[in-house]
Amino acid sequence: MSLEARVEGIGLVGPGLAGWSRAREMLAGFARYKSTPSVIPTAEALPAVERRRAGKSVRISLAAGLEAAAAAGRSARNLGVVFASSTGDGENVHAICEMLASSDRLISPTRFHNSVHNAPSGYWGIATGSQCSADSLAAYDASFGAGVLEAMSRIRARPEEPVLLIAYDAPYPEPLNATRPIPDAFAVALALASPEKATRGAMITLESGGTEPDVLDDPELEALRRAIPAARSLPLLCLLAREHEGRATLDYFEGLTLTVRRS
Amino acid sequence: MKPVLLSAYTMTSCLGRGLAPTRAAFRAVTSGLAPCRFDTVDLDTWVGEIAGLDDVPMPAALARFDCRNNRASELGLSQDGFSERVEEAATRCGANRAGVFVGTSTAGILQTELAYRRRDPASGALPADFDYRRTHNTFSAAEYVRARLALAGPCAAMSTACSSSAKAFASAARMLDAGLIDMAVVGGVDTLCLTTLYGFASLQLLSSAPCRPYDVARDGISIGEASAFFLLERAPREGSIALLGTGESSDAHHMSAPHPEGLGARRAMEAALRAAGLAPDSIDYVNLHGTGTPSNDAAEDIAVHGILGDAVPVNSTKGMTGHTLGAAGAVEAMFSVLAIEEERFPGSAGTRAVDPKLRARYEIRGGGRAIARVLSNSFGFGGSNCSLVFGRVGA
Chain A
1 MSLEARVEGI GLVGPGLAGW SRAREMLAGF ARYKSTPSVI PTAEALPAVE RRRAGKSVRI
61 SLAAGLEAAA AAGRSARNLG VVFASSTGDG ENVHAICEML ASSDRLISPT RFHNSVHNAP
121 SGYWGIATGS QCSADSLAAY DASFGAGVLE AMSRIRARPE EPVLLIAYDA PYPEPLNATR
181 PIPDAFAVAL ALASPEKATR GAMITLESGG TEPDVLDDPE LEALRRAIPA ARSLPLLCLL
241 AREHEGRATL DYFEGLTLTV RRS
Chain B
1001 MKPVLLSAYT MTSCLGRGLA PTRAAFRAVT SGLAPCRFDT VDLDTWVGEI AGLDDVPMPA
1061 ALARFDCRNN RASELGLSQD GFSERVEEAA TRCGANRAGV FVGTSTAGIL QTELAYRRRD
1121 PASGALPADF DYRRTHNTFS AAEYVRARLA LAGPCAAMST ACSSSAKAFA SAARMLDAGL
1181 IDMAVVGGVD TLCLTTLYGF ASLQLLSSAP CRPYDVARDG ISIGEASAFF LLERAPREGS
1241 IALLGTGESS DAHHMSAPHP EGLGARRAME AALRAAGLAP DSIDYVNLHG TGTPSNDAAE
1301 DIAVHGILGD AVPVNSTKGM TGHTLGAAGA VEAMFSVLAI EEERFPGSAG TRAVDPKLRA
1361 RYEIRGGGRA IARVLSNSFG FGGSNCSLVF GRVGA
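So the sequences go chain by chain: A and B.
Using the working numbering, read the first sequence as starting at 1 and increasing by one per residue.
Using the working numbering, read the second sequence as starting at 1001 and increasing by one per residue.
No lab work stands behind these hints: they were computed from the structure.
Glycine is no exception: its CB is placed at the ideal position from the N, C-alpha and C atoms.
Please note that the accuracy of each hint is not assured.
[Unchecked claim] Chain A stretches covered by chain B per the calculated footprint, using a threshold of three residues with CB under 8 angstroms from any CB of chain B:
1) 115-121
2) 128-135
3) 232-241
[Said to hold, decoys possible] Facing chain B, a subset of chain A residues (Cβ under 10 angstroms, in silico):
4) N78
5) G80
6) A138
7) Y140
8) G147
9) E254
[Stated by the list, open to error] Going by beta-carbon spacing under 7 angstroms, a handful of chain A positions derived as facing chain B:
10) M26
11) A95
12) C97
13) R105
14) I107
15) G125
16) A139
17) A146
18) L149
19) S153
20) A157
This is chain A alone, in the form it adopts within the complex (with noise of 0.2 angstroms):
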């Protein structure tokens, strides 16, 4: 098996990583990393109804997305999306498990449909005004992993339809954090779309290959890899930071990477 794909835009928010232009200096290793809280955006796209509605994970995905879409130079409207998150809403889903235990358990509607994995797809739906496909998935700290070989599988099973792979997650509050510490908010999207039918951006492949993931050089980057399910993308941010070929190991499952070669 070999899966390929253009990388046409990159998106990213993250602590210390506001925007993929501003990052990609420091991520490419010529600008050194300083963590500071991430930035969370609002979500300016959506209706002021929805925009009051949104929590954090859905403000997240929708700038990371838009973003690479942009990049691409390409309607967001087009393109079939693959979101891909460990936890969902984290505020959310507290704050429902707190009324619950309460003696008063009406919860809102609002709330209610907040609660679903797939929020921000719905949100990013009515946003962009995208019919296409979105898939909503989680493979806790494989998520960003299994998003990746879902949407380079879309590619190839229908190379016309260029897909956007969100991958976000952002913290719980107490007492859920203690149970599943996520120190700050994070979403990266990649804009990819065949090589049959693109011909700017990084091409990646995915191939079988390392056994364990890459390890970040920059001890502060690499403690973020590991804190958030959805920095494991960083080796293969740095990767396309570069402006070279190489390699990046992704974190998977136990005795299953995924590798990603650039040329």
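Fit chain B to the given chain A structure using the hints.
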């Protein structure tokens, strides 16, 4: 797309454990719905509860996964020789060539709901026995199946609300075709919890009676729970039952209400027919999403009638099982397969008088008919739509 063989399958729901009681209910059109007595729930509604789920033992090595949702998987995987069939196939293919794709909407969130009642009064901490990863987390539904069946290939939980397990079929079919895997276990598992019961109540979408899909007096859903699993392999032989096509779309309309003209539903059905290389008139029966809410059935009817007119029998099986949410795609894939095997479409439990405003050929009573191909619809919150076509290869 290339047809994908369904080489083994099983289903456990309020209709019973495994295929035998499911098939009997399919023939007799029995409903498994009953007034809700679940946990401390004080809602006036009916549910489709799996009997005896609290008493299902978990394998000792996987005890940390213990929660209602994984017990439903454990119970389901133990029926009909399903795990043995998977084991045989994995011996042939290699465990690392075996994918697992499970659809769920809430996984084991009930465990967290219960844990929130037992928080430490001083610190607010959750009890020490609470295992977030193996119960609450969405992926736990897939991780349990992968661990239980000792499979080691690609794996994900699909979670697009009520289309989840239909989309799990689509994902598995793509990975099989790409040669990433040689076999896939696809399933859907969702179980009763307070989040969905009180959540649907907040949207005023729960009926106080057993749900009545397409009925003129329909007034909401009944929530059910189920686990259904399929073993998928490549290259089905002529005459065997296979997944022939998958189609997916988004509504881009509203978080919890369908597009009023069913545009997204229509796109998904058309895409599934296109993928299967079939014209609409080659479909012999449509298993609708048919939840029994006024707006869902009306929107789906416009989409179905727009493509198939009134020539093809259609109905919903949710009057038998209730709406099993993330498991509905797999549950209704099972009913689609039974329709093909039994050469009859099922009746519609609960429906008494079809809404005259709805125009598709809704059949309240089941009927014998050669059924070579079935279209099955699953639509969910966030405007997520997925249609699947099942049929006999070459028929």
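Each hint, compared with the structure:
For the stretch 115-121 of chain A, the stated coverage by chain B is satisfied: 6 residues place a CB nearer than 8 angstroms to a CB of that chain, which reaches the threshold of 3. Counting residues of the stretch 128-135 of chain A whose CB lies closer than 8 angstroms to any CB of chain B gives 8, which reaches the minimum of 3, so the coverage claim holds. Look at the stretch 232-241 of chain A against chain B: 0 of its residues bring a Cβ nearer than 8 angstroms to a Cβ of that chain, fewer than three, so the hint is violated. At its closest, the beta carbon of N78(A) sits 12 angstroms from a beta carbon of chain B; the interface hint therefore is violated under the 10 angstroms criterion.
Taking 10 angstroms as the C-beta contact cut-off toward chain B, the hint placing G80(A) at the interface holds, the least distance being around 8 angstroms. Nearest Cβ of chain B to the Cβ of A138(A): about 4 angstroms, under the 10 angstroms cut. The hint holds. Restraint check, Y140(A) versus chain B: the minimum CB separation of about 4 angstroms is within 10 angstroms; hint holds. Residue-level restraint check for G147(A) holds (minimum Cβ-Cβ distance to chain B is 8 angstroms; threshold 10 angstroms).
For E254(A), the interface hint holds, the least distance from its beta-carbon to any beta-carbon of chain B being 9 angstroms, beneath 10 angstroms. Evaluation of the M26(A) hint against chain B yields a violated restraint, the C-beta minimum of about 30 angstroms exceeding 7 angstroms. Evaluation of the A95(A) hint against chain B yields a violated restraint, the C-beta minimum of about 11 angstroms exceeding 7 angstroms. Because the smallest distance between the Cβ of C97(A) and any Cβ of chain B comes to about 4 angstroms, under 7 angstroms, the interface hint for this residue holds.
For R105(A), the interface hint holds, the least distance from its beta-carbon to any beta-carbon of chain B being 5 angstroms, beneath 7 angstroms. With a cut of 7 angstroms, the hint placing I107(A) at the interface with chain B holds, because the nearest CB-to-CB distance is about 5 angstroms. At about 4 angstroms, the closest approach between the beta carbon of G125(A) and any beta carbon in chain B falls short of 7 angstroms, and the interface hint on this residue holds. Checking A139(A) against chain B by beta carbon gives a least distance of about 5 angstroms; that is within 7 angstroms, so the hint holds.
A least Cβ separation of about 4 angstroms between A146(A) and chain B falls short of the 7 angstroms threshold, and the interface hint therefore holds. Hint on L149(A) holds. Least Cβ distance to chain B is approximately 6 angstroms, under the 7 angstroms limit. Below 7 angstroms, beta-carbon pairs count as interface contacts, and S153(A) has one with chain B at about 4 angstroms; its hint therefore holds. Look at A157(A): its Cβ gets to within about 5 angstroms of chain B, closer than 7 angstroms, so that hint holds up.
Of the numbered hints given earlier, the model fails hints 3, 4, 10 and 11; all others are met.
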